[in-house]
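A.B. asks: Letter by letter, the chains look like this.
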Amino acid sequence: MMEAMNSRVPQGALAEKWANYRSDVRLVSPKNKRGFEIIVVGTGLAGAAAAASLGELGYKVKSFTYHDSPRRAHSIAAQGGINAAKNYQNDGDSIWRLFVDTIKGGDYRSREANVHRLAEVSLEIIDQCVAQGVPFARDYAGLLDNRSFGGAQVSRTFYARGQTGQQLLLGAYSALMRQVAAGSVELHNRKEMLDVVVHDGRAVGIVVRDLLTGEVSSHSAHAVVLATGGYSNVYFLSTNAKMCNVTAAWRAHRRGALFANPCYTQIHPTCIPQSDDFQSKLTLMSESLRNDGRIWVPQRGDDKRSPDQIPESERDYYLETKYPAFGNLVPRDVASRNAKSVVDSERGVGERANGVYLDFADAIAAQGEDAIREKYGNLFDIYERITGENPYKSPMRIYPATHYTMGGLWVNYELMSNLSGLFVLGEANFSDHGANRLGASALMQGLADGYFILPTTIGPWLAEQLGSQLVPTDHPAFAAVEQEVNERTQQWLATKGTRSVDFFHRELGKIVWDYVGMSRTSSGLEKALSEIPALHEEYLSDVRVLGSADSLNQSLEKAGRVEDFFQLAQLMARDALLREESCGGHFREEHQTEDGEARRDDEQFAHVAAWESNGDDHIRHEEKLEFEEVELAVRSYK
Amino acid sequence: MASTLSLTLRIWRQDSPQVKGHFVTYEMDDVPEDASFLEMLDILNEILIAKGEEPICFESDCREGICGTCGLMINGQAHGPQKGTATCQLHMRQFKDGDHIVVEPWRAEAFSVIKDLATDRTPLDAIIKAGGYISVNTGAAPDANLTPIPHQTAATAFDAAACIGCGACVAACPNSAAQLFCSAKVQHLNLMPQGQSERWERAEKMVETMEEFFGSCTNHGECEEACPKEISIDFIAWTNRDYIKSKLKNRSLFAQK
Amino acid sequence: MSTTTKTTTLTETQGPSTGPSTQGTVRTPAPAASAPSAEFPVHPKPRVRLPWPLSIYQSAVGKKWVMALTGIALLGFVLVHMIGNLHLYEGPVKLSEYAEALRDLGGDLVPRTWILWGMRIGLIAAFGLHIHSAWSLTVMSRRADASYVGGRGYSAASYASRTMRWTGPIILLYLFYHLADFTWGWFNPDFVRGDPYHNVVASLSSIPVAILYVVANVALAIHIYHGAWSMFQSLGINSPKFNPLRRRFAQGFAAVILIGNLSFPIFVQADVIDDGGVSVVREHEAQMADPEEASGEEASGATASGATP
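Residue numbers (the numbering used here), protein chains in the order written: chain A, 1 to 638; chain B, 639 to 895; chain W, 896 to 1204.
Hints are supplied without guarantee of correctness; some may be wrong.
Unchecked claim - DEER-style ranges, computed between Cβ atoms:
| no. | chain 1 | residue 1 | chain 2 | residue 2 | range |
| --- | --- | --- | --- | --- | --- |
| 1 | W | 934 | A | 13 | 51 to 59 Å |
| 2 | B | 886 | W | 1064 | 27 to 35 Å |
| 3 | A | 312 | B | 835 | 55 to 63 Å |
| 4 | W | 939 | A | 215 | 25 to 33 Å |
| 5 | B | 784 | W | 1134 | 24 to 32 Å |
| 6 | A | 510 | W | 941 | 54 to 62 Å |
As the list claims (entries may be wrong) - Using 20 Å as the maximum straight-line C-alpha spacing, the simulated SDA-like pairs for lysine to any residue come out as follows:
| no. | chain 1 | residue 1 | chain 2 | residue 2 |
| --- | --- | --- | --- | --- |
| 7 | B | 843 | W | 950 |
| 8 | B | 887 | W | 950 |
| 9 | A | 375 | B | 796 |
| 10 | A | 510 | A | 346 |
| 11 | W | 940 | B | 850 |
It should be emphasised that the hints constitute simulated quantities derived from the structure, not laboratory data.
All of these numbers come straight from a predicted model, not from anything done at the bench.
Glycine included, every Cβ here is placed at the ideal spot set by N, Cα and C.
Chain A on its own, in the form it takes in the complex (with noise of 0.2 Å):
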């Protein structure tokens, strides 16, 4: 195992890598390229991305996404922008500076040489993306506008008003149809992939099943591309998509890939606290809010009066007065800690007192409501939508949720799993954002995957097979998968029980949260590891799926994807208990400063937790994480 965990970073110093790599990178001859088959699963910002390039390139591509259109991925759900090292404001930054914040806001667990090469390819990301004709924010000149985001100290921010994922996933979108009318690309729509077929050690290709007939079909290839997104789901409630689900990485998982470092997980701090107990998801009011918003709750958990009628002496600004230098601006995860810390302890506001004020009365007061409507006005007309609440006149209510997903499928600097011809991109992977991802970098590394370091690293892999036939499809290796895909699926319609999937999910969601969410304590870890496999096997004889394999069938598809949560979830719990340190998203109780701030253990924890899929069990491995250019230092936000 260690021999396939090698990260084959390349030679050279840091700055140089990439290039070097690329210089001496095998390629496949045009001639070649037709002759290879690449599977890519997920058309988000990754997978639109990878397929749209490996056509340009002339690779035969299959695209699968289980939307009925590959448009809809959640990467269009992203609001705020995406980074890149232009410089184009003149304000000092580079390259180098993008790579320190980005390891830096990674609280030192993430490689090295990936995010360094991140924020060299980030340059190139903002070219292709105007030309494919992105509509970013321009200046009166009429060149690109930029924004400082998350508490960055240099503007580099680009961004589309509130909607910088949707153009950017339309941009990505545009140039996959533009391959599939090219022929190079053959998109599967609504076809979700159950299964991946591995045969003498390399992955051959993939199982799906249709969604509107419910055949389940193999797909044979010379290498097979998961650009499949983050399990933010695992807590029923989150700011993700309700399609959003870990299958497609968790039964690579389960055939052999390593998952790695699934404790960390990322808590936003503004999302639109839960309403009733119906509600299915959370929605994010964007970071950018906390630039002009002041958070605080009463002084005390009994004050029930209506916050215009609580005097300022009686308000507790709690970021403001822990944190004199960032104040609201801390980070997500600081500020995340804080709002649960005030709401357990009794002071959270709202009918559920769930929640924390974030107040724009001062911000309106001091620049006009124009002035606010202007920069928010998008973000204040959604919240109005949905609490049926104007924040011009009475403050927001805001709790964190979650958000994103660090942990995933480990890969090497290549994007190849420890299972060979698996690649795996975007969120999905664990690379670039080590414990914790940063504002507006998320669209930054599904793009570099996709566009600029899958094409280029899939090379030699590719150039290895030359001359390989396809595994064909009727294949035992093949027939097997399928098999055991249509038993699983079989089995949901069998169990007739009694309690609907979303019960359990919710019920699942409820124990991840409490106990694997923004602080965790061993023992609370130890109760979800006996909580969940008790509700797990309660969901396997229990749950209740109506209707058919054989078409539509909305229960049945979510009965799949909660069964790898439970799974995945436990693996969760054990990841963050054996994770004895605090590090950015993981913050562990046990382990924190005096004044309550996240204390790693770079000793024994400066290593990649990859765990192997041994029957039900698991192994941990240990990438060990070296910094030759940045120095280990705390975060300090004081």
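Chain A is already provided as a structure; the job is to place chains B and W on it using the hints.
C.D. replies: Okay, now just chains B and W, sitting in the frame of chain A:
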């Protein structure tokens, strides 16, 4: 606890594209006002499952009004009564206690009903495939700031690009025309300097592909009213102009004009 | 939380009969359950691409363009026709002179009535194309539309825009009646070729005919109200600078036509336009045939001008 509603729902049920569908009436009590319309259907589905009835199939994903997956005809209005709001962002406080609500899938000859309230909207992708892109291979892009784009142009292009591809414009159109969807994409790209070299070809191909599936625009303006992103029918006019120009121009000469 | 469904009983196989019986079911050709709709064009591409410029007319947007252009021609006709008819208020002689002047258009450069016939042919072509494009686009939209069983609400479409396919045929039928009445004289027992004033008075003094004219002209105004705005959209004449003017133009145009055209039946009914059943032309012709009654010309001319307000 916020107040609740009692509702009578008439919901379209249909097992597959091949069979006839029908309305089924459901009476619901204690629907929380703070629930979204889709959460109300979630609640109904939980009840149906508990009773052993197959839940109602409806599509949704992001539930924050941006992915365009959801879309229901609610009391004859695409995405329901609230202007500029997708079905997933419509909340039950928009309704009154005792309301009767009729829920149907999007309908057009080109959109077949898959099951219950789910509709197949793939013809919209066919329109994009016909030319809804700028042909630039990865790596071939010049520096992003090489071509300034006037603030106003970028803003107008964005207004068009905001389309979420939900198909409400088709659903709301008495002609089942897709002019708003098509023109939003055509104009997003045709307004940008980067989109000029393919401008006329794009207008021609996308419009003609659209016409293979959808009806003809009679300028009712229902689409603009139904659009959750409030995209203007001005884009339809500009696309009509681009289309006619594409037919009249000598493209070997003045393609840039 | 005690949400309950009380009944799930009422089941309808068909809603209110608002559409064809295939609604909400299978389209033809019926897609297999797995085949996406994108593989089944509702209107396949025309098999033969006609040569330019006819190819423009093969697309719906091209047809709308032609509809708008012919609409402009027809608006021009309707306006000129209405203004020309205002000669009614100057009496039969002036009106006849105007009618003659139309035949004399082009002076001595071209044979008499050639220009008029040219205009008539152009007008017939415009009508033909306007009607054909409307007809074929209606067919196209009908085929593309699957109606809602539970009904459809309207929030933007005006009464005018929704009734274009009704007001159009009404205007067409009226046009035939109008030509039969005033040009061919089929329905008018007292028809005098070449005396429009007399013919107008003779026709419109009948109450049913007057009502018919009022109804038809209201339909025409409604048609114009939408059409004169819609044509800007179809032609792509759209700019934030003048967009508000487009609607006002259409409203103004419809109002002018409505007021002008309605004034005729109303003023005939009110006896403001009246020739006492005497045709100037007939009198004149009779006179020419029988020079003894030469003095009658002045007299009848005076009668007519006396009736002019």
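A.B. asks: If you check the beta carbons of residue 784 of chain B and residue 1134 of chain W, does the distance land in 24 to 32 Å?
C.D. replies: holds (29 Å)
A.B. asks: Has the given pair, residue 940 of chain W with residue 850 of chain B, been kept, meaning a C-alpha gap of at most 20 Å?
C.D. replies: holds (6 Å)
A.B. asks: Is residue 843 of chain B within 20 Å of residue 950 of chain W, Cα to Cα?
C.D. replies: holds (14 Å)
A.B. asks: Given the proposed pairing of residue 887 of chain B with residue 950 of chain W, does the C-alpha separation stay at or below 20 Å?
C.D. replies: Holds. Residue 887 of chain B to residue 950 of chain W sits at ~14 Å (cutoff 20 Å).
A.B. asks: Could you see if the CB distance from residue 934 of chain W to residue 13 of chain A stays within 51 to 59 Å?
C.D. replies: Holds: the Cβ-Cβ distance is about 54 Å, inside 51 to 59 Å.
A.B. asks: Are residue 375 of chain A and residue 796 of chain B close enough, with their CA atoms no more than 20 Å apart?
C.D. replies: holds (16 Å)
A.B. asks: Verify the CB-CB distance for residue 510 of chain A and residue 941 of chain W against the hinted window 54 to 62 Å.
C.D. replies: holds (60 Å)
A.B. asks: Given a hint of 27 to 35 Å, does the C-beta separation of residue 886 of chain B and residue 1064 of chain W actually sit inside it?
C.D. replies: holds (32 Å)
A.B. asks: Under the criterion that the straight-line Cα-Cα distance not exceed 20 Å, is the pair residue 510 of chain A, residue 346 of chain A satisfied?
C.D. replies: Since the Cα atoms of residue 510 of chain A and residue 346 of chain A sit roughly 19 Å apart, the hinted pair holds (cutoff 20 Å).
A.B. asks: May I ask you to test the hint 55 to 63 Å on the CB atoms belonging to residue 312 of chain A and residue 835 of chain B?
C.D. replies: holds (60 Å)
A.B. asks: Using the beta carbons of residue 939 of chain W and residue 215 of chain A, state whether their distance is inside 25 to 33 Å or not.
C.D. replies: Taking Cβ atoms as reference, residue 939 of chain W and residue 215 of chain A lie about 28 Å apart, which means the hint holds.
Consistency note: the structure conflicts with none of the earlier hints.
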